[in-house]
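Chains as they are written, first to last, in the working numbering: chain D, 476 to 720; chain E, 476 to 720.
Bear in mind the hints are in silico, worked out from the structure with no lab data behind them. Careful: at least some of the hints might be erroneous.
[As the list claims (entries may be wrong)] Ranges of calculated distance between the beta carbons of each label pair, as one might list FRET restraints:
#: 1; chain 1: E; residue 1: GLY516; chain 2: D; residue 2: GLU587; range: 51 to 61 Å
#: 2; chain 1: D; residue 1: PRO713; chain 2: E; residue 2: GLN582; range: 45 to 55 Å
#: 3; chain 1: E; residue 1: ASP485; chain 2: D; residue 2: ALA529; range: 45 to 55 Å
#: 4; chain 1: E; residue 1: GLU689; chain 2: D; residue 2: LYS641; range: 26 to 36 Å
#: 5; chain 1: E; residue 1: GLY545; chain 2: D; residue 2: ALA529; range: 45 to 55 Å
[Said to hold, decoys possible] Residues of chain E clear of chain D, computed beta-carbon distances all greater than 12 Å:
#: 6; residue: VAL489
#: 7; residue: SER505
#: 8; residue: LEU544
#: 9; residue: GLU587
#: 10; residue: ASP598
#: 11; residue: HIS627
#: 12; residue: LYS628
#: 13; residue: SER643
#: 14; residue: SER682
#: 15; residue: THR688
#: 16; residue: GLU699
Note that the coordinates shown come from a computational prediction; the quantities given were computed from them, not determined experimentally. Beta carbons are placed, not taken as given, at the ideal position from N, Cα and C, and that holds for glycine.
There are 2 protein chains.
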Amino acid sequence: MTYCVGLCVDEGLVMLSDTRTNAGLDNISSFSKMFVAEVPGERALVMMTAGNLAVTQTVWNLLQQGVWLGGAQHQLDTVPDMFHAAQLVGAAVRQVKQMDGAALLAQGISFECSILLGGQILDGPPRLFLVYAAGNFIEATEDTPFLQIGEHKYGKPILDRVLNMKTSLSEGVALTLISMDSTVRSNLSVGLPLDLAVIRRDALRISFRKRITEEDPYYRAIREGWAGALRDAYLSLPRPDFPVG
Amino acid sequence: MTYCVGLCVDEGLVMLSDTRTNAGLDNISSFSKMFVAEVPGERALVMMTAGNLAVTQTVWNLLQQGVWLGGAQHQLDTVPDMFHAAQLVGAAVRQVKQMDGAALLAQGISFECSILLGGQILDGPPRLFLVYAAGNFIEATEDTPFLQIGEHKYGKPILDRVLNMKTSLSEGVALTLISMDSTVRSNLSVGLPLDLAVIRRDALRISFRKRITEEDPYYRAIREGWAGALRDAYLSLPRPDFPVG
Chain D
476 MTYCVGLCVD
486 EGLVMLSDTR
496 TNAGLDNISS
506 FSKMFVAEVP
516 GERALVMMTA
526 GNLAVTQTVW
536 NLLQQGVWLG
546 GAQHQLDTVP
556 DMFHAAQLVG
566 AAVRQVKQMD
576 GAALLAQGIS
586 FECSILLGGQ
596 ILDGPPRLFL
606 VYAAGNFIEA
616 TEDTPFLQIG
626 EHKYGKPILD
636 RVLNMKTSLS
646 EGVALTLISM
656 DSTVRSNLSV
666 GLPLDLAVIR
676 RDALRISFRK
686 RITEEDPYYR
696 AIREGWAGAL
706 RDAYLSLPRP
716 DFPVG
Chain E
476 MTYCVGLCVD
486 EGLVMLSDTR
496 TNAGLDNISS
506 FSKMFVAEVP
516 GERALVMMTA
526 GNLAVTQTVW
536 NLLQQGVWLG
546 GAQHQLDTVP
556 DMFHAAQLVG
566 AAVRQVKQMD
576 GAALLAQGIS
586 FECSILLGGQ
596 ILDGPPRLFL
606 VYAAGNFIEA
616 TEDTPFLQIG
626 EHKYGKPILD
636 RVLNMKTSLS
646 EGVALTLISM
656 DSTVRSNLSV
666 GLPLDLAVIR
676 RDALRISFRK
686 RITEEDPYYR
696 AIREGWAGAL
706 RDAYLSLPRP
716 DFPVG
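The shape of chain D in the complex, shown without the other chains (with noise of 0.2 Å):
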């Protein structure tokens, strides 16, 4: 299993994912989620992949390598702007189902992949999209500034309640790692390491990354924080006015 989520909000880009991967609870490894595709000064993207590993891997190969969109091949640092590099993954994904989706399918695994993509491109906004094992996507928009991918329902109840466009991108990734904790309390194959990207709007680069172990204290004070201010939620609501028998 796996967990990502990615943020887009007026101060720009906030990606977070797990390492955690599992072909059977017997057989876990680590393998990073997240690839970059960066031009200084004229774009920055963050790539989150979930489903089979192998897929994904080489839906990121391909994109290295070159994938047709309207009669040229691109890839995500040549594309002119986000919606054309959501095309793009999309692409990929279609021509890796097209390479191996009928061997997948013979052996009874079904072709299973999705993809948060985010970044800017030159003058364009930032923006964030899902990529559908299908090739196709969404977008977040202001009513819902997050998307998320994997084992999503743990960690969306904060994010249903406390993010919106005006939250900062220090509070975003604070939020991002709230999500994830409760993620890994929950869902033994979500798992550390974390890798945490920001992009901030209009730097057209990595503005910061990060890989997160068990031992970073600042997510040790989240981990340990939030278990204790959850319990303090709790007790400041009111016990029922009625007797319960």
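With chain D fixed as given, assemble chain E onto it according to the hints.
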């Protein structure tokens, strides 16, 4: 979808279920998923169901009518202890599968049901079981004194972090309502009104029962209070101690 949660703590049992059923998003109804068997002074049992409504209602009808277990026909009113009660519910599930499983399969409908059964009989302790579609079951223990069926993920983190055997019934009611509120907030197919039942240890009757609507003042206090408390919890945590770019 459905969300039901049961707690089994030192003081007794708290059982909470939603009432929403849906056959597609365009066909949403309200059905109670909570069923009660009570012989005051002798036993009190509460059953909550998730899955195919035709299956779970038939399970309850069979239990009313009597199900064969160990060479005799029993109802929840007559089984000697909670272990037998869980076996009886499992036997009823298997009987429905035998009656309807093939016809469901022929329609491409899988046989889905899961059931929470909590209660106390005579001098046995309060016990809480989760009965699967195969008719087998697990029991809540001191390590994890709660069980959930249906859409369980959104409402699990708060239970993981706060609940223990010393949690009072009154606190348990607050906790289950918080857990339910997180679920209702994030999944449209879980909805009010709610059915709440409390069985205090050694009361040998349903100690408290309440149908909770949107207008219920305590539920409103929980709902509004929890949204605010979560935001406060988030605000109480430190921001990153590093510049995020």
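Going through the hints against the structure:
{"no.": "1", "hint": "GLY516(E) / GLU587(D): 51 to 61 Å", "verdict": "holds, 55 Å"}
{"no.": "2", "hint": "PRO713(D) / GLN582(E): 45 to 55 Å", "verdict": "holds, 48 Å"}
{"no.": "3", "hint": "ASP485(E) / ALA529(D): 45 to 55 Å", "verdict": "holds, 50 Å"}
{"no.": "4", "hint": "GLU689(E) / LYS641(D): 26 to 36 Å", "verdict": "holds, 30 Å"}
{"no.": "5", "hint": "GLY545(E) / ALA529(D): 45 to 55 Å", "verdict": "holds, 51 Å"}
{"no.": "6", "hint": "VAL489", "verdict": "violated, 8 Å"}
{"no.": "7", "hint": "SER505", "verdict": "holds, 23 Å"}
{"no.": "8", "hint": "LEU544", "verdict": "holds, 30 Å"}
{"no.": "9", "hint": "GLU587", "verdict": "holds, 19 Å"}
{"no.": "10", "hint": "ASP598", "verdict": "holds, 20 Å"}
{"no.": "11", "hint": "HIS627", "verdict": "violated, 9 Å"}
{"no.": "12", "hint": "LYS628", "verdict": "violated, 4 Å"}
{"no.": "13", "hint": "SER643", "verdict": "violated, 8 Å"}
{"no.": "14", "hint": "SER682", "verdict": "violated, 2 Å"}
{"no.": "15", "hint": "THR688", "verdict": "holds, 14 Å"}
{"no.": "16", "hint": "GLU699", "verdict": "violated, 10 Å"}
Taken one by one, the earlier hints fail for this structure at numbers 6, 11, 12, 13, 14 and 16, listed in ascending order.
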